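Each chain is listed here by its residues.
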Amino acid sequence: MELDPVILSRIQFAFVVSFHILFPAFTIGLASFIAVLETLWASTNREVFIRLSQFWTKIFAVSFAMGVVSGIVMSFQFGTNWSRFSDIAGNVVGPLMGYEVITAFFLEATFLGILLFGRNRVPRPVHVFSSYMVAIGTLFSAFWILSANSWMQTPAGAELVDGRFVVTDWWAAIFNPSFPYRFAHMVAACYLTTAFVVIGVSAWYLRHKRHEDTARTAFSMGLGLVAILAPLQLIIGDLHGLNTFEHQPAKVAAMEGHWETQEGAPMIVFGIPDEEREMNHAEIKIPLLGSLILTHEAMGEVRGLKAWPKDERPPVAIVFYAFRIMVGLGFLMIGVGLYSLLLRKRGRLYDSPGFLRLCTWCLPIGFIALLAGWFTTEIGRQPWIVYGFLRTSDATSPALTGGNVLSSLLIYAVVYTVIFGAGIYYLYRIVRSGPGEGGLFGGLISGKRPLSAPDVRMEGE
Amino acid sequence: METYLPLIWAGIIGLGVFMYVLMDGFDLGIGILFPFAESEEERDVMMNTVAPVWDGNETWLVLGGGGLLAVFPLAYAIIMPALYFPILIMLIALIFRGVAFEFRFKSDHKRLWGVAFWFGSTLATFSQGLVLGGFIQGFEVEGRNFVGGAFDWFSWFSVVIGLALVAGYGLLGATWLILKTEGETQDRFYRLARPLLVAMIAFIIIVSIWTPLNYQEIADRWFSWPNILFVAPVPILTAGVALALINALAKRKEVQPFVLSLGLFLLGYLGLGISFWPNVVPPDITVWEAAAAHNSQFLLLVGVIILLPFILFYTGYSYFVFRGKVRAGEGYH
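Sequence order for the protein chains is F and C.
Heads up: the first sequence runs through residues 1 to 461, numbered per the numbering used here.
Heads up: the second sequence runs through residues 462 to 794, numbered per the numbering used here.
To be clear, the hints were calculated from the coordinates, so they are not data collected in a lab.
Just so you know, these numbers come straight off a predicted model, no measurement behind them.
Errors might be hidden in some of the hints.
Computed spacing ranges between beta-carbons, pair by pair [stated by the list, open to error]:
no.	chain 1	residue 1	chain 2	residue 2	range
1	C	Tyr-780	F	Thr-417	34 to 42 angstroms
2	F	Pro-398	C	Arg-572	57 to 65 angstroms
3	C	Phe-497	F	Ser-220	53 to 61 angstroms
Glycine is no exception: its CB is placed at the ideal position from the N, C-alpha and C atoms.
Put together the whole structure using the sequences plus the hints.
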């Protein structure tokens with residue numbers, strides 16, 4: 001079998017970026033959570049907040065370090081495997097990614113060290129301020145990298161000169177059409193992801209009657225956020241979808257599983273897309289709802305996949321399923337949020353065994369929904385790497401062979417499994433040992449090394 | 462502006478790479494020297510001398526590598542695929558080494574993570590040498606693409622450069638440890654620094670003869686009249702620094718060996734610069750040809766000019782905070 005360097009490079013990129021995104025996504029939410037806790041501690045002086053803040057800061061430190069380590073790999077991927085893309089689009093995405101690096105550095109070089117190690121060294125307001133700067137820094141990083149990604153989805157503010165993009169209007173390039181929606185959708189997703197980790201860990205403590213004070217507070221805060229943000233995310237997601245419908249209709253057709261262009265399109269709840277025969281098996285559909293959602297008119301026209309030649313369609317099945325996983329988990333989040341309101345009203349938020357169990361199991365759903373969402377949007381924009389301008393198949397490094405990429409992919413797979421396996425195990429140890437142990441104000445200043453913040457050993461005694 | 466921007470950026474990227482080589486050089490060197498320590502306690506001390514600063518050192522690599530895409534995308538697009546495997550190995554080795562820093566102190570399998578630390582450091586250094594060797598040999602380019610093979614970088618020349626870098630970083634590490642430790646540990650690294658220095662000098666001589674023999678253009682640059690007048694100070698200074706270093710080690714000076722070792726690296730780097738300027742992709746793509754559009758270069762320059770003082774200040778500050786000797790049983794773990 002001939003190994004295809006393009007598909008292998010795509011798999012490799014998907015692998016390293018999926019691994020990477022888990023950590024920043026989590027730390028974006030966590031940084032804001034810590035800033036809120038620090039503020040509450042500063043304004044109320046209640047010990048529970050500082051205990052929570054210190055505990056989640058340890059988790060933050062390890063996750064941040066994992067994000068940095070896997071991020072260094074990312075900064076080389078575009079060159080090693082996607083050199084045509086780097087040359088053709090470097091003028092646009094280069095500076096945007098450059099700014100992402102700069103923000104991350106700025107953050108690491110200044111405020112992260114103070115947040116992790118400076119509690120006893122700086123006045124309290126400075127420490128609180130640092131927690132804000134770290135939170136803002138992570139959001140700025142997300143801003144730039146999502147701007148670069150969005151530009152690839154909906155390019156604007158640039159023109160092709162001698163086969164390479166040159167920026168004509170930075171404002172238009174940075175705030176390209178899909179960027180505001182993608183940014184809002186992603187940030188909300190990060191917050192929800194973190195909230196479900198906080199909720200899941202707290203529910204686990206509550207079930208095991210450990211650290212109940214802090215667990216109750218965190219549980220309540222997390223569920224409060226979910227109750228508000230999960231429904232809001234549905235609205236943001238809908239707006240993002242409408243934006244995609246306008247700029248990348250083929251992606252929406254794949255998400256919805258529409259093959260035929262129709263007025264009054266149904267919403268296909270489930271089905272098994274068949275790309276060979278250009279139809280879905282075992283469809284369950286709701287009439288007219290598809291058009292209603294996408295065009296806000298019952299008889300609005302929705303283009304189907306057949307409107308595009310076969311070589312301009314994205315892979316359908318994976319986009320179709322990934323989208324349903326994301327939306328399904330979104331509704332589960334809304335359900336958990338609303339149910340928590342009901343329990344809260346009845347004063348039974350902390351002692352409903354079934355709900356606590358559900359919340360423990362929901363710990364990873366944010367990550368899964370996030371990845372499903374990225375698979376939807378990234379596979380859905382295929383076959384383009386810069387939408388409408390540059391095909392993914394024309395973007396890889398010409399000299400690479402399939403064998404080269406296969407070997408690097410295998411090496412990454414093995415190493416990531418070992419290293420991140422150890423890292424995740426280490427996180428698990430921190431959770432096991434829980435908040436409020438090892439003294440309140442521990443930690444000597446030790447430079448800016450996030451991984452050294454938690455004073456937890458990796459193995460049992 | 463269009464002429465000067467690429468020059469400014471060449472300076473910034475050059476500085477980034479050089480800062481990286483110097484700073485990660487000595488902490489990689491400590492990993493290379495790990496097997497020579499007598500005990501796990503001594504290894505703790507060695508690690509603790511760099512623990513507060515090593516990841517700051519590594520950020521310079523991202524500035525060099527990530528910056529290249531933004532400001533010299535063509536160089537990035539040619540060099541990265543051409544050096545696919547050395548870069549892959551370097552990244553993997555750096556990951557292993559980085560997490561070993563923390564996990565070694567936190568795990569019960571201290572020896573195992575110690576081995577990972579040594580192996581990762583040595584492999585990362587060696588593959589950086591392969592990257593440099595591949596760079597010196599130049600790249601087969603057609604149009605705007607690298608068209609050579611995945612193993613073009615492999616040659617005895619690049620292997621020698623790899624070994625040279627292991628010796629060189631080892632020397633930086635040993636002299637750093639002379640500066641940061643005392644007693645028996647310090648003695649051990651005085652003893653180790655001498656053969657490392659001899660090896661480093663030998664490698665400098667070998668590479669200085671081999672390179673111009675292989676590459677006529679580089680020979681012309683160094684040995685033609687009147688160039689030879691302007692560039693002669695580099696080898697002369699190198700010889701002077703090497704002698705001063707031998708002397709400083711013999712007299713058991715504490716600070717000079719490290720500073721002079723940095724000097725050797727600076728001169729080597731200058732030598733490379735002289736050999737290749739103004740090419741950013743050997744043999745013949747210049748900084749101007751590889752430059753991004755000037756509005757792209759300018760946009761990022763604004764950010765970097767704001768950021769650079771912060772990085773330099775914070776770097777200096779953390780070295781200041783952690784100045785002085787490191788003793789056994791001391792450390793923040």
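Going through the hints against the structure:
Between Tyr-780 (chain C) and Thr-417 (chain F) the CB atoms are about 36 angstroms apart, so this pair conforms to the stated range of 34 to 42 angstroms. Range check, Pro-398 (chain F) to Arg-572 (chain C): Cβ separation about 45 angstroms, and the 57 to 65 angstroms hint is violated. Range check, Phe-497 (chain C) to Ser-220 (chain F): Cβ separation about 55 angstroms, and the 53 to 61 angstroms hint holds.
Consistency with the previously given hints fails for number 2 only.
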